[in-house]
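Modelling step: build the complete structure from the supplied sequences, incorporating the hints.
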Amino acid sequence: MEFKKLKGQGPERINVEMIDPVMGPGEVRVAIAPITVSPSGLDCNAELFLGPNELTKVATSGLVAFTSTGVAQSVRFPITMPTVGGVAYHVFIDVYANGYLIISYVATEDVIIPSATVGPITWE
Amino acid sequence: MPQFQPNVIKMAAVPIKVSPSGLSSEAEVFLGPNELTKVATSGMVPFISTGAQQLVHLPISMPSAEGTYHVFIDVYAGGILIATYQAIEDVVITAGVAEFAYVSGIVRHYADRRTDYFTVAVQNISSLAGTCTLEFWRLAKYTGEWQLWATISHTLQPGEVKTFGDISTTWVWTTGGYGYPDHWYAKFVGPPGEISMDGWPR
Chain E
794 MEFKKLKGQG PERINVEMID PVMGPGEVRV AIAPITVSPS GLDCNAELFL
844 GPNELTKVAT SGLVAFTSTG VAQSVRFPIT MPTVGGVAYH VFIDVYANGY
894 LIISYVATED VIIPSATVGP ITWE
Chain Y
3 MPQFQPNVIK MAAVPIKVSP SGLSSEAEVF LGPNELTKVA TSGMVPFIST
53 GAQQLVHLPI SMPSAEGTYH VFIDVYAGGI LIATYQAIED VVITAGVAEF
103 AYVSGIVRHY ADRRTDYFTV AVQNISSLAG TCTLEFWRLA KYTGEWQLWA
153 TISHTLQPGE VKTFGDISTT WVWTTGGYGY PDHWYAKFVG PPGEISMDGW
203 PR
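Read top to bottom, the protein sequences are chains E and Y.
Numbers given in our numbering equal positions in the first sequence, counted from 1, plus 793.
Numbers given in our numbering equal positions in the second sequence, counted from 1, plus 2.
Rather than coming from a laboratory, the hints here were simulated on the basis of the structure.
Bear in mind that the values here come from a model prediction, so they are computed numbers and not experimental data.
Even for Gly, the Cβ is constructed at its ideal location relative to N, Cα and C.
A couple of the hints might just be wrong.
[What the hints assert, rightly or not] Some chain Y residues judged to face chain E by a derived CB distance under 7 Å, without partners named: (1) 4; (2) 14; (3) 20; (4) 21; (5) 24; (6) 77; (7) 79; (8) 84; (9) 87.
[What the hints assert, rightly or not] Among the chain E residues that face chain Y by a calculated CB cut under 8 Å, a handful are: (10) 816; (11) 879; (12) 908; (13) 911; (14) 912.
Here it is in structure tokens:
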């Protein structure tokens with residue numbers, strides 16, 4: 794899954810490993826994102842969240858702490874998928890260094906939480 | 003409760019709604035004592051979601067063993083199980099039921115100067131013993147209405163022929179304690195179908 798930058802410095806796009814954008818309601822998944830924060834040694838946090846826009850967090854990994862290395866490092870974001878199905882959610886990643894939001898990304902693909910209903914069976 | 007013979011292939015037509023549209027979806031109907039034991043299954047049947055209700059056809063061979071089975075439906079989207087349902091009605095598998103046929107027309111008998119009665123012969127044309135229940139209806143011309151007058155049951159072995167109706171069950175007045183011409187119509191209704199005749203004046 795590819796992310797494009799919303800704000801901040803850094804590459805225009807990053808790739809987040811994701812096999813399939815279709816997820817089950819309430820399912821716990823882990824997003825692994827390669828994040829580069831420079832210089833090294835900074836106390837960093839990153840958050841992955843889903844929602845209709847970047848202001849509404851329907852599901853979130855919360856802040857995941859790591860120390861910058863100055864090179865790309867895989868950061869893992871465990872997140873519980875929304876329970877409301879039949880909806881496609883945008884995927885966002887915010888990165889902080891020393892408490893400051895330094896970059897925001899939105900995925901180019903949405904996460905789809907499907908829903909299903911079944912009516913009465915007719916036997917033929 | 004639907005009832006089927008063993009091993010027959012039936013089609014479960016299931017209205018399914020998967021949202022959003024455009025998703026590669028699958029559904030499976032299976033029968034079993036519980037949702038973990040699949041005695042019979044349609045297997046995965048693919049379809050593309052439309053976001054609206056769509057009729058999905060799931061062919062399934064009924065179990066070979068007689069009994070009552072729960073019916074389950076699982077729905078998948080993108081390979082993920084997103085819904086599981088159990089039908090409120092079970093399916094009953096039974097080896098079959100006896101079949102019957104009329105082997106005569108309705109026969110009118112003269113019992114005495116005031117009473118006639120009707121009979122019909124029925125044969126069990128299947129390989130299973132069973133009970134045949136017929137309704138005897140009669141209609142008097144002076145009333146113009148059909149009247150359920152008797153219900154008659156007989157157990158017949160395979161190939162056996164029995165007569166339904168006798169003086170005590172399918173009788174009609176003929177001299178008319180009501181003083182009317184004795185025109186009677188009669189019919190039998192039951193598993194062999196419906197058979198009727200006109201009455202005639204004595």
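Right, here's what the structure says about each hint:
Annotation: residue 4 of chain Y was flagged as interfacial toward chain E, and the flag holds, the nearest CB pair being 5 Å apart, inside 7 Å. Contact between residue 14 of chain Y and chain E, as hinted, is supported at the beta carbon level, the nearest pair being about 5 Å apart and thus within 7 Å. A distance limit of 7 Å between C-beta atoms decides the matter here; for residue 20 of chain Y the minimum to chain E is near 5 Å, and the interface restraint holds. Nearest Cβ of chain E to the Cβ of residue 21 of chain Y: about 3 Å, under the 7 Å cut. The hint holds.
For the restraint placing residue 24 of chain Y at the interface with chain E, the shortest Cβ-Cβ distance is roughly 9 Å, beyond the 7 Å limit, so the hint is violated. At a threshold of 7 Å, the smallest CB-CB gap from residue 77 of chain Y to chain E is about 4 Å, leaving the interface hint in force. For residue 79 of chain Y, the shortest C-beta to C-beta distance to chain E is roughly 4 Å, which falls under 7 Å, so the interface hint holds. Annotation: residue 84 of chain Y was flagged as interfacial toward chain E, and the flag holds, the nearest CB pair being 5 Å apart, inside 7 Å.
Look at residue 87 of chain Y: its Cβ gets to within about 5 Å of chain E, closer than 7 Å, so that hint holds up. The interface hint given for residue 816 of chain E is met, as the beta carbon of that residue sits about 7 Å from the closest beta carbon of chain Y, less than 8 Å. A hinted interface residue such as residue 879 of chain E counts as satisfied when its beta carbon comes closer than 8 Å to some beta carbon of chain Y; here the least separation is about 3 Å, so the hint holds. Interface restraint check for residue 908 of chain E: the shortest CB-CB distance to chain Y comes to about 5 Å, inside 8 Å, so the restraint holds.
Given hint, residue 911 of chain E at the interface with chain Y, holds; its Cβ is 5 Å from that chain's nearest Cβ, closer than 8 Å. Given the 8 Å rule on beta carbons, the hint for residue 912 of chain E holds: about 3 Å separates it from the nearest Cβ of chain Y.
Checked against the numbered hints above, the structure violates only hint 5.
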